[in-house]
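The primary structure of each chain is shown beneath.
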Amino acid sequence: MKNLKQSLAVALWFIFLTFPLMVVKVNTSDQVVQWRWMNILWVGVTFFVLSFIWRYALVRKEARQMAALSGQDEHEKPTKFQELLEDQSLRYRLMLGLLAFALVFPWVFDTYQSTIMVSALIYVVLGLGLNITVGLAGLLDLGYVAFFAVGAYAYALLNHHFGLGFWTCLPLGAALGGIFGVILGFPILRLRGDYLAIVTLGFGMIVKVVLENWSEFSFGPSGIANIDRPSLFGLDMDIAASTTYIYYIMIALVILTIIVTGRLKNSRIGRAWIALREDEIACVAMGIDMAKTKMSAYALGACWAGMVGVVFAAKTTFINPASFTFMESAIILSIVVLGGMGSILGVILGAMILILMPEYLRAFSEYRMIIFGAAMVVMMIFRPQGIISNIRQKYEFKGLKEKSENV
Amino acid sequence: MEYFIELFLSGLTRGSIYALIALGYTMVYGIIQLINFAHGEIYMIGAFVAYIVCGVLTIYGFHGVSILIIAGLLAIVYSCAYGYTLEKVAYRPLRGAPRLSPLISAIGMSIFLQNYVLLAQTPDFLPFPALIPDFAFMEPIAHIIGSAELVILVTTMVTMVMLTLLIKYTKIGKAMRATQQDMSMARLVGVNVDRVISTTFIIGSALAAIGGVLVASYIGQVNFYIGFLAGVKAFTAAVLGGIGSIPGAVIGGLVLGLTESFAAGYVSSDYEDVFAFGLLVLILIMRPAGILGKATKQKV
Chain A
1 MKNLKQSLAV
11 ALWFIFLTFP
21 LMVVKVNTSD
31 QVVQWRWMNI
41 LWVGVTFFVL
51 SFIWRYALVR
61 KEARQMAALS
71 GQDEHEKPTK
81 FQELLEDQSL
91 RYRLMLGLLA
101 FALVFPWVFD
111 TYQSTIMVSA
121 LIYVVLGLGL
131 NITVGLAGLL
141 DLGYVAFFAV
151 GAYAYALLNH
161 HFGLGFWTCL
171 PLGAALGGIF
181 GVILGFPILR
191 LRGDYLAIVT
201 LGFGMIVKVV
211 LENWSEFSFG
221 PSGIANIDRP
231 SLFGLDMDIA
241 ASTTYIYYIM
251 IALVILTIIV
261 TGRLKNSRIG
271 RAWIALREDE
281 IACVAMGIDM
291 AKTKMSAYAL
301 GACWAGMVGV
311 VFAAKTTFIN
321 PASFTFMESA
331 IILSIVVLGG
341 MGSILGVILG
351 AMILILMPEY
361 LRAFSEYRMI
371 IFGAAMVVMM
381 IFRPQGIISN
391 IRQKYEFKGL
401 KEKSENV
Chain B
1001 MEYFIELFLS
1011 GLTRGSIYAL
1021 IALGYTMVYG
1031 IIQLINFAHG
1041 EIYMIGAFVA
1051 YIVCGVLTIY
1061 GFHGVSILII
1071 AGLLAIVYSC
1081 AYGYTLEKVA
1091 YRPLRGAPRL
1101 SPLISAIGMS
1111 IFLQNYVLLA
1121 QTPDFLPFPA
1131 LIPDFAFMEP
1141 IAHIIGSAEL
1151 VILVTTMVTM
1161 VMLTLLIKYT
1171 KIGKAMRATQ
1181 QDMSMARLVG
1191 VNVDRVISTT
1201 FIIGSALAAI
1211 GGVLVASYIG
1221 QVNFYIGFLA
1231 GVKAFTAAVL
1241 GGIGSIPGAV
1251 IGGLVLGLTE
1261 SFAAGYVSSD
1271 YEDVFAFGLL
1281 VLILIMRPAG
1291 ILGKATKQKV
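Read top to bottom, the protein sequences are chains A and B. Taking my numbering, I'd label the letters of the first sequence as residues 1 to 407. Taking my numbering, I'd label the letters of the second sequence as residues 1001 to 1300.
Hints were generated in silico from the structure; no laboratory data involved.
Restricting the straight-line Cα-Cα distance to at most 20 angstroms, the calculated cross-link-like pairs of lysine to aspartate or glutamate (EDC-like) are:
hint, chain 1, residue 1, chain 2, residue 2
1, A, K25, B, D1124
2, B, K1088, A, E62
3, B, K1174, B, D1194
4, A, K292, A, D279
5, B, K1168, B, D1182
6, A, K292, A, E280
Please model the entire structure based on the sequences and the hints provided.
Have a look at this one:
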C-alpha cells in the first residue's frame, strides 16, 4: 500500500514535471496551441510502473552492497559466463567460429549489410581505442572524435592535394592521431579527472570550429568529396567489390586492435595505466613515471582513432566537419561505458549493440540518443562495470594464507 | 574608443550570463565534487518553458510585462523541479561511487534531457518574443548598450548579491558552507546533508533558469541544443575562476565574456570559441586551480 502511494506520488510528480514540454505545443506563427492530453496518461502510467522497478532495483543493489561489505563477496566472483570465457579451448573454438562468420559475411549478405557492418566495425575500433584512455588509464576523454577527424582529414587532404593512396595514409593517419594526442596530452598532464574532461571537450570543439572556418585548409563546412577508395594492386573495383574490400580491411584492423590492446593490457605499461586509474598517488609513489604513462595512454588511444579515421574517409569518400560532433564522442564513450570499461569483449559487444540496433530497428532510430542517455545513467547506477565486466587478474599465495592463519 | 566600450559592455553582458550559469556548476562542485553536465540542459529547459508559457499567454490574449513575469516565474519553478529531480534520480544513488560514475551519469542525463526536449517539442529553432521593452531613458546611449543588455546586467547583479547574502547570512547558507568544508563532519553536527545538496541543486537551477530566460529573450530564439554550448562555456568560466569558489565563478564568467567579446570584435567572430577554450587551457597550465582557487594539497 505504501509502495502504491509512493509510486502514485512519483507518477503525479512526473506528470507535473513533463506537463509544459510533453502536453503543450505552441505554434507561434499560426497562433495555435496544441494540447496533447493523451501524453499525460502515457507519462503517468510509464512512471508509475518505472518507479516500482526503480525501487526494486535499488533495494537489490543495496542488498548486494551489504553482502559485499559483510565479506560474502559474491560481486567479485566470476559469474558462470565469465568462467566459460576463461575456458581456453572453448574460447578458441568460439573465436574461430566468429572469425569464420566474419570472413564469409560479405558473401552471405548483400552490400547494404556489409556497409552497415563496416560502420559498426569502425566503432569497434574507436571503442577499443578509447578504451585504452578511459577504460585502462581512467582518463575521461570527451573529445575523442577530434582524433578521428584528424585521421579522416589527413587522408582526405593528402589524397586531394598530393594524390597519396590509402595504404600510405593509413600509418600516417595513425601517426598524426598519436601526435595530436601528445599535443593535447602535454598541457593536461597536471589536471585531475574533471578538469581533464572539460579540456578534452574543449579540444574537440576547437578542432571542429577550425575545420569549419579555415576554408583554405579544410574546405569549410562543405567538406571534401571524391576521396579515393582503397586500392588493391591497381585493380578496378565497383562499389560492391570495394565495400567488401573495405570490410576485410576493417576485419583485419579489428583483429589487430584486439591483439594489440589485449597484449598492452597485460604489459608493463598496461599495468601502469591500471595502477594510475586506481590510485594516482600510490602509483607515482611506486615509481611509475606519471607523465610518460598518461601521455602514452593518450597517444595510443588517439592513434587508433587516427587510423580508423582514414578508413572512414575512404569508406564514405566524403567528409565534412558535421561528422565530428560532440555526439559522436558521446556515442563512442557510451560504447565503452555500456560495454564495460577495460573489457575488450565488452567494448566489442557494446559497439555492435549500439551501432547495429538502431540500423535494424528503424522505428527506434529517432529514440536512439535518448535511449543511449538513459542507458548511461541506468548502467552507472545499477551495473557500473558494464555488460561484460573486466575480470581482474588475481594472484593468490596459498601457502602464505595458511601461515597467517596459524599465527 | 566607442567601439571598445561597446565591446566591453557586450562582453560584460555575456560574461554576467556565463557567471550566472557558472554559479550553479561551482556550487554543486563545491559540495559533491561533481561536474553537473546536465546543468546546461536545466538552463535550456528554463528557456523552453518560458517560451511555451509566453506562447500560450500571448495566444490567450495577455500583453506586456505580465507575460514576462509569469513566464519567468514558471521557468524558475520548472527548472528547480527538474534540477531537484535530476539530483534525486541520477546522482543520489551514486553517492560514494567512484568519481567517474556520477560524471558519466551526468553526461547521460545531459544527452537524455536534450533529446527529451527534441522529441517532445521540435528540433527547429523557435522564435522567442522580445519580452524586454525598450526603455525611453536609454535612448541617448542606445547605440552603445541596449535596454535588454542593461536588464541582463542589473538582473544578474541583483541575483548575485542576493545569492551572496543567502550564503553568508541564512541558516541554509551556513549549512551549505559547512557541507562544502567537510561533508561527514557537517552530518555529524546535525546538518541534513541530503537536504543541503537538494537545495544547492534547486538554487543553481533557479540561477540557470534566470539566465536562460534572459538570454532567450535577448537572442530571440530557443532550441533544444542551446544548453549544451552555454553549459560548456559556463563550466569553463567556473574552472577559470577556480571551481568551488563563488566569487571565482563571477570573475571567471566576466573574464570569459570579455575575452570572447574582444576576440570576436578585433580578431574574428568565427573563432571566439577557440579563444575561450584556448584561454582555459592557458589558465589551467599556469594556475591549475583557477584564478581564485586555492591549490589544494591531496592528502593520502
